[in-house]
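**Q** Residues per chain, in single letters:
There are 2 protein chains.
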Amino acid sequence: MAAPQLTEAHRPTLDQALEAIRTRAYWSPHPEHPKAYGESAPADGLAAFEALRGSRFELDQPGTDGWTGKETSPYGIELGVEYPHPDVDVLLPAMRAGVPAWRAAGPEGRALVCLEILSRISARTHEFAHAVMHTSGQAFMMAFQAGGPHAQDRGLEAVAYAYAEQTRTPRSAVEWSKPQGKRDPLKLTKTYTASGRGIALLIGCNTFPTWNGYPGLFASLATGNPVLVKPHPRAVLPLALTVRVAREVLAEQGFDPNLVALAVERPGEGIAKTLATRPEIKIIDYTGSTAFGEWLEDNARQAQVYTEKAGVNTVVIDSTDDYKGMLANLAFSLSLYSGQMCTTPQNLLIPRDGIATDAGAKSYDEVVADVAAAVGGLLGDDARANALLGAVVNPDVKARVEAAAGLGEVALESRAVVNPEFPDAVVRTPVIVKLDGTKPDAEAAYMDECFGPVAFAVAVDSTSAALDLLRRTVREKGAMTVGAYTTSAEVESALEDACLDESAQLSLNLTGGVYVNQTAAFSDFHGSGGNPAANAALCDAAFVSNRFRVVEVRRQG
Amino acid sequence: MAAPQLTEAHRPTLDQALEAIRTRAYWSPHPEHPKAYGESAPADGLAAFEALRGSRFELDQPGTDGWTGKETSPYGIELGVEYPHPDVDVLLPAMRAGVPAWRAAGPEGRALVCLEILSRISARTHEFAHAVMHTSGQAFMMAFQAGGPHAQDRGLEAVAYAYAEQTRTPRSAVEWSKPQGKRDPLKLTKTYTASGRGIALLIGCNTFPTWNGYPGLFASLATGNPVLVKPHPRAVLPLALTVRVAREVLAEQGFDPNLVALAVERPGEGIAKTLATRPEIKIIDYTGSTAFGEWLEDNARQAQVYTEKAGVNTVVIDSTDDYKGMLANLAFSLSLYSGQMCTTPQNLLIPRDGIATDAGAKSYDEVVADVAAAVGGLLGDDARANALLGAVVNPDVKARVEAAAGLGEVALESRAVVNPEFPDAVVRTPVIVKLDGTKPDAEAAYMDECFGPVAFAVAVDSTSAALDLLRRTVREKGAMTVGAYTTSAEVESALEDACLDESAQLSLNLTGGVYVNQTAAFSDFHGSGGNPAANAALCDAAFVSNRFRVVEVRRQG
Numbered sequence: 177m178a179a180p181q182l183t184e185a186h187r188p189t190l191d192q193a194l195e196a197i198r199t200r201a202y203w204s205p206h207p208e209h210p211k212a213y214g215e216s217a218p219a220d221g222l223a224a225f226e227a228l229r230g231s232r233f234e235l236d237q238p239g240t241d242g243w244t245g246k247e248t249s250p251y252g253i254e255l256g257v258e259y260p261h262p263d264v265d266v267l268l269p270a271m272r273a274g275v276p277a278w279r280a281a282g283p284e285g286r287a288l289v290c291l292e293i294l295s296r297i298s299a300r301t302h303e304f305a306h307a308v309m310h311t312s313g314q315a316f317m318m319a320f321q322a323g324g325p326h327a328q329d330r331g332l333e334a335v336a337y338a339y340a341e342q343t344r345t346p347r348s349a350v351e352w353s354k355p356q357g358k359r360d361p362l363k364l365t366k367t368y369t370a371s372g373r374g375i376a377l378l379i380g381c382n383t384f385p386t387w388n389g390y391p392g393l394f395a396s397l398a399t400g401n402p403v404l405v406k407p408h409p410r411a412v413l414p415l416a417l418t419v420r421v422a423r424e425v426l427a428e429q430g431f432d433p434n435l436v437a438l439a440v441e442r443p444g445e446g447i448a449k450t451l452a453t454r455p456e457i458k459i460i461d462y463t464g465s466t467a468f469g470e471w472l473e474d475n476a477r478q479a480q481v482y483t484e485k486a487g488v489n490t491v492v493i494d495s496t497d498d499y500k501g502m503l504a505n506l507a508f509s510l511s512l513y514s515g516q517m518c519t520t521p522q523n524l525l526i527p528r529d530g531i532a533t534d535a536g537a538k539s540y541d542e543v544v545a546d547v548a549a550a551v552g553g554l555l556g557d558d559a560r561a562n563a564l565l566g567a568v569v570n571p572d573v574k575a576r577v578e579a580a581a582g583l584g585e586v587a588l589e590s591r592a593v594v595n596p597e598f599p600d601a602v603v604r605t606p607v608i609v610k611l612d613g614t615k616p617d618a619e620a621a622y623m624d625e626c627f628g629p630v631a632f633a634v635a636v637d638s639t640s641a642a643l644d645l646l647r648r649t650v651r652e653k654g655a656m657t658v659g660a661y662t663t664s665a666e667v668e669s670a671l672e673d674a675c676l677d678e679s680a681q682l683s684l685n686l687t688g689g690v691y692v693n694q695t696a697a698f699s700d701f702h703g704s705g706g707n708p709a710a711n712a713a714l715c716d717a718a719f720v721s722n723r724f725r726v727v728e729v730r731r732q733g
Numbered sequence: 177m178a179a180p181q182l183t184e185a186h187r188p189t190l191d192q193a194l195e196a197i198r199t200r201a202y203w204s205p206h207p208e209h210p211k212a213y214g215e216s217a218p219a220d221g222l223a224a225f226e227a228l229r230g231s232r233f234e235l236d237q238p239g240t241d242g243w244t245g246k247e248t249s250p251y252g253i254e255l256g257v258e259y260p261h262p263d264v265d266v267l268l269p270a271m272r273a274g275v276p277a278w279r280a281a282g283p284e285g286r287a288l289v290c291l292e293i294l295s296r297i298s299a300r301t302h303e304f305a306h307a308v309m310h311t312s313g314q315a316f317m318m319a320f321q322a323g324g325p326h327a328q329d330r331g332l333e334a335v336a337y338a339y340a341e342q343t344r345t346p347r348s349a350v351e352w353s354k355p356q357g358k359r360d361p362l363k364l365t366k367t368y369t370a371s372g373r374g375i376a377l378l379i380g381c382n383t384f385p386t387w388n389g390y391p392g393l394f395a396s397l398a399t400g401n402p403v404l405v406k407p408h409p410r411a412v413l414p415l416a417l418t419v420r421v422a423r424e425v426l427a428e429q430g431f432d433p434n435l436v437a438l439a440v441e442r443p444g445e446g447i448a449k450t451l452a453t454r455p456e457i458k459i460i461d462y463t464g465s466t467a468f469g470e471w472l473e474d475n476a477r478q479a480q481v482y483t484e485k486a487g488v489n490t491v492v493i494d495s496t497d498d499y500k501g502m503l504a505n506l507a508f509s510l511s512l513y514s515g516q517m518c519t520t521p522q523n524l525l526i527p528r529d530g531i532a533t534d535a536g537a538k539s540y541d542e543v544v545a546d547v548a549a550a551v552g553g554l555l556g557d558d559a560r561a562n563a564l565l566g567a568v569v570n571p572d573v574k575a576r577v578e579a580a581a582g583l584g585e586v587a588l589e590s591r592a593v594v595n596p597e598f599p600d601a602v603v604r605t606p607v608i609v610k611l612d613g614t615k616p617d618a619e620a621a622y623m624d625e626c627f628g629p630v631a632f633a634v635a636v637d638s639t640s641a642a643l644d645l646l647r648r649t650v651r652e653k654g655a656m657t658v659g660a661y662t663t664s665a666e667v668e669s670a671l672e673d674a675c676l677d678e679s680a681q682l683s684l685n686l687t688g689g690v691y692v693n694q695t696a697a698f699s700d701f702h703g704s705g706g707n708p709a710a711n712a713a714l715c716d717a718a719f720v721s722n723r724f725r726v727v728e729v730r731r732q733g
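Protein chains in written order, with our numbering: chain A, 177 to 733; chain B, 177 to 733.
Worth flagging that the hints you see were computed from the coordinates, not collected in a lab.
Careful, some of the hints might be misleading.
Since the list gives no way to pick out one identical chain from another, each pair is judged satisfied if it fits inside one copy or across any two copies.
As the list claims (entries may be wrong) - Computed cross-link-like contacts, DMTMM-like style, restricted to lysine to aspartate or glutamate with a CA-CA straight-line distance of at most 25 Å:
id : residue 1 : residue 2
1  : Lys354    : Glu470
2  : Lys449    : Glu473
3  : Lys246    : Glu258
4  : Lys363    : Glu208
5  : Lys615    : Glu184
6  : Lys354    : Asp241
7  : Lys574    : Glu589
8  : Lys538    : Glu585
9  : Lys449    : Glu470
10 : Lys449    : Asp474
11 : Lys538    : Glu234
12 : Lys449    : Asp617
13 : Lys449    : Asp541
14 : Lys246    : Asp546
15 : Lys363    : Asp534
16 : Lys538    : Glu473
17 : Lys354    : Asp497
18 : Lys358    : Asp498
19 : Lys354    : Glu428
20 : Lys363    : Glu589
21 : Lys538    : Asp497
22 : Lys538    : Glu589
23 : Lys363    : Asp558
24 : Lys363    : Glu578
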């Protein structure tokens, strides 16, 4: 049962979302332009963010036994926010108290409450943008869009899938009548109730706390499960704000606010491991390293575990009829957020004999030099470089950039960019390294994920060899994205077959304003769930349909 | 793309199945009455079964390195059928050759081929009935219905869910156009292809080779995966026949017959373990013991594992307004197939102070005596007893019946029934044992699954204590079914809450011709997938939606 004002406010949006996931056409209710949020929104959002700094983030959760936190921005400023630390023996049982009422609300009631939460978050997008920027290191505009409307889209998409899956079976009483020839039919009355599995745990990541967090959070909540949010220790604030909004809306709508709670760990505590193996935790969503993702899969056996881990993304460069467009598109893809996206291309596979283009034949060396020049040109202006690159999220990324130069011949050196607004920010342009794909020591480099602004221009014997390497890379290392450029129908078909066989999402001949590293909710799947990079895709029916069970009650007569 | 004759023959059936899983109303295209299959069908079916006996079951599979098998019927006759033994290093790669064409057939093409397979099986229901009877020990009529139309219904249900899930995302090219203010919109063309995960392994069970096997087999095949069928060594024939029909239809429709293959093991070979951990195997369906189900979950980490294991089924007896109907219904449930159903009630929880009924107050002792008398009456006639009980499927069941008498006071002794047609059949009526629910040694008995014709009449302090025990039993031991009798709205509500919280399917006040151990495809879920008895339900979206992945190809312009 949904409150009438929620139905009026959000049912049309839910219906549009349901239509969008069916047609896969472009749609979003969340504006991308900062100006769309009202004249005072930028200043209000900044002020709200500044007011959070150096404060205690009160949540009024049960079982708070201390305070912890204090993130530092990749831009060099202290956030100084302290968050409640949970006594999980108190918090977890308290989170279950509200389950029966939340279950009784039904799929529509839960969906509409989730949409109200998203709507409140949307209204505060400017504040969230600063929180995302100063935890992930994304540049402001990217933090605004990816951390705001795009993340909200992914959350809404999950709610739509959850609603659709839960309402496939009717909820109200069904009359079942089985003919028995001349005798009276057998009759039963049946009801079906979607019922959550138990407490869901969201383990957030550093680089996209909201974008990667919202699908699991809203999928679990919309299917009737309480959600405990365990943010990455360096990216707490965006998810803490999310939890606060969710708790406010739940309480206002007459539900127990403890259906959503926050668990921030003390330095070095490793609370994720403790929580992940608790018997109350029945669902886990995780984005991060392969090592911890595999640990969760191996150890949290009482839970459904959805993991997005590392992969090695490939672009196959066979030929193009828009060489300039290809170079510009690749340059942007490699530069955006300093390559710190799970979808950023890493290996550019280029035939050593060169490729055919609309600008004539180009040798391997020419292609690499032209890609390097395109990146150099794109990032030549420091202001534009800062706006694209953001900041390096942690010292490991910086170390990898520096080490990459030693892996082969450097086609483009990484350079340090000064950010005048945040002088302590670590900003680096991408390094491009040439590797011979047939050399074993080169293989050790390009077959490993090198997360950050590092690209390998891998010389291969032929396009056919590139396809073989693509298949092997996806199968052994996983991939969130595959890109390719070709003018040959035959190569295109072989690329499709490879991606279908190995379960990878393919972007062909992108030369304009869409980039291989970006996916649009309601239309594009993020990951495939069928290769080692991730065991689930954002967002499909499989992502939601096992977060609840349907309990049937049948009565005679 | 489906052949036109398949579309004409089966698309209406598919549409009706899709409507049935949506409305959950009664529906089946497979008649339950033996006479519905034509006048000569009984004799033809028996002759076909007899012709199989003592023969080699040729399948023309690649990689056959010998012959094995030779089942003995629980009715005491030798089947003497030999099956091909696989060299899995040859067979598994051969099974993948047909995948691209099967993928290209699309969701509808695959569904219609699956329906043609089911339709051919349906036409041979009499032959299958004998094969199921002489491997499971079910009585003929049950083998006919449960092994024939009901199993075919479950297979069709899985095909319908698979089709519905795969067609949620459009397959054909979608134009995606994202407005860019005054600039031209961003445009992409997108295609989405449902792509199977890899080879699926079906590990069959002894008691319901077709009923428990068809959902996984058809769910995997319909979602684009080759299926390797590994039957229980004592129940090969029904699945071998199924594989043969599937291969025939696939070949006729221009697909590689090796998309479905049979793997029969040599005595003691344990081929299921070898197959389950092969990297080619990406999906496993299993019905059987908890121990091996858990082994699969722990070891076949490269695969999606769907398991139906053991549980302890409870009936709570609080009160009734149809005492006679309740007794008759319970007696039938306990007797059907000698209690060798995963859905047979085991623990009858009865307040020690007795219950209220339309025939007056009944003490615990009276209720137990009346249930015992009802079972005794139902099975008093040997012909009727044989028709209901079938045969004991293996020596372990016989041993458990004999041992059960030592666990407490026997309210009804098991008796041996002679089957005049099959004098070597082991036929046993149920034993009913009285236990005090509060005694620890009694708990050791009733908290363990005692598979076979054994029921425990457990005295509990109150209905409230029964509810507590019900919750604990489902949580710790799992349950495929829960039954209950009550005239109290309050108790009914508490029962519903317990089953919703613990994820168990509840049947209330069954006093007529529907029994707690029976579920109807398209309407009832078999298991919940949310308690330890099974990690999946037959059949819902979660059962099919992760057997395939959607691969997207997006192209500029």
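**Q** It remains to establish, for every hint, whether it holds in the given structure.
**A** Hint check results:
| no. | hint | verdict |
| --- | --- | --- |
| 1 | Lys354 with Glu470 | neither (48 Å within a copy, 37 Å between copies) |
| 2 | Lys449 with Glu473 | both (11 Å within a copy, 21 Å between copies) |
| 3 | Lys246 with Glu258 | within (6 Å within a copy, 71 Å between copies) |
| 4 | Lys363 with Glu208 | between (54 Å within a copy, 17 Å between copies) |
| 5 | Lys615 with Glu184 | neither (63 Å within a copy, 57 Å between copies) |
| 6 | Lys354 with Asp241 | neither (58 Å within a copy, 48 Å between copies) |
| 7 | Lys574 with Glu589 | within (13 Å within a copy, 77 Å between copies) |
| 8 | Lys538 with Glu585 | within (19 Å within a copy, 90 Å between copies) |
| 9 | Lys449 with Glu470 | both (12 Å within a copy, 22 Å between copies) |
| 10 | Lys449 with Asp474 | both (12 Å within a copy, 19 Å between copies) |
| 11 | Lys538 with Glu234 | neither (60 Å within a copy, 58 Å between copies) |
| 12 | Lys449 with Asp617 | neither (35 Å within a copy, 37 Å between copies) |
| 13 | Lys449 with Asp541 | neither (48 Å within a copy, 51 Å between copies) |
| 14 | Lys246 with Asp546 | neither (44 Å within a copy, 70 Å between copies) |
| 15 | Lys363 with Asp534 | between (72 Å within a copy, 22 Å between copies) |
| 16 | Lys538 with Glu473 | neither (46 Å within a copy, 52 Å between copies) |
| 17 | Lys354 with Asp497 | between (64 Å within a copy, 23 Å between copies) |
| 18 | Lys358 with Asp498 | between (75 Å within a copy, 24 Å between copies) |
| 19 | Lys354 with Glu428 | neither (46 Å within a copy, 36 Å between copies) |
| 20 | Lys363 with Glu589 | neither (76 Å within a copy, 34 Å between copies) |
| 21 | Lys538 with Asp497 | within (12 Å within a copy, 88 Å between copies) |
| 22 | Lys538 with Glu589 | within (22 Å within a copy, 89 Å between copies) |
| 23 | Lys363 with Asp558 | neither (75 Å within a copy, 30 Å between copies) |
| 24 | Lys363 with Glu578 | neither (73 Å within a copy, 38 Å between copies) |
Of the numbered hints listed earlier, those contradicted by the structure are 1, 5, 6, 11, 12, 13, 14, 16, 19, 20, 23 and 24.
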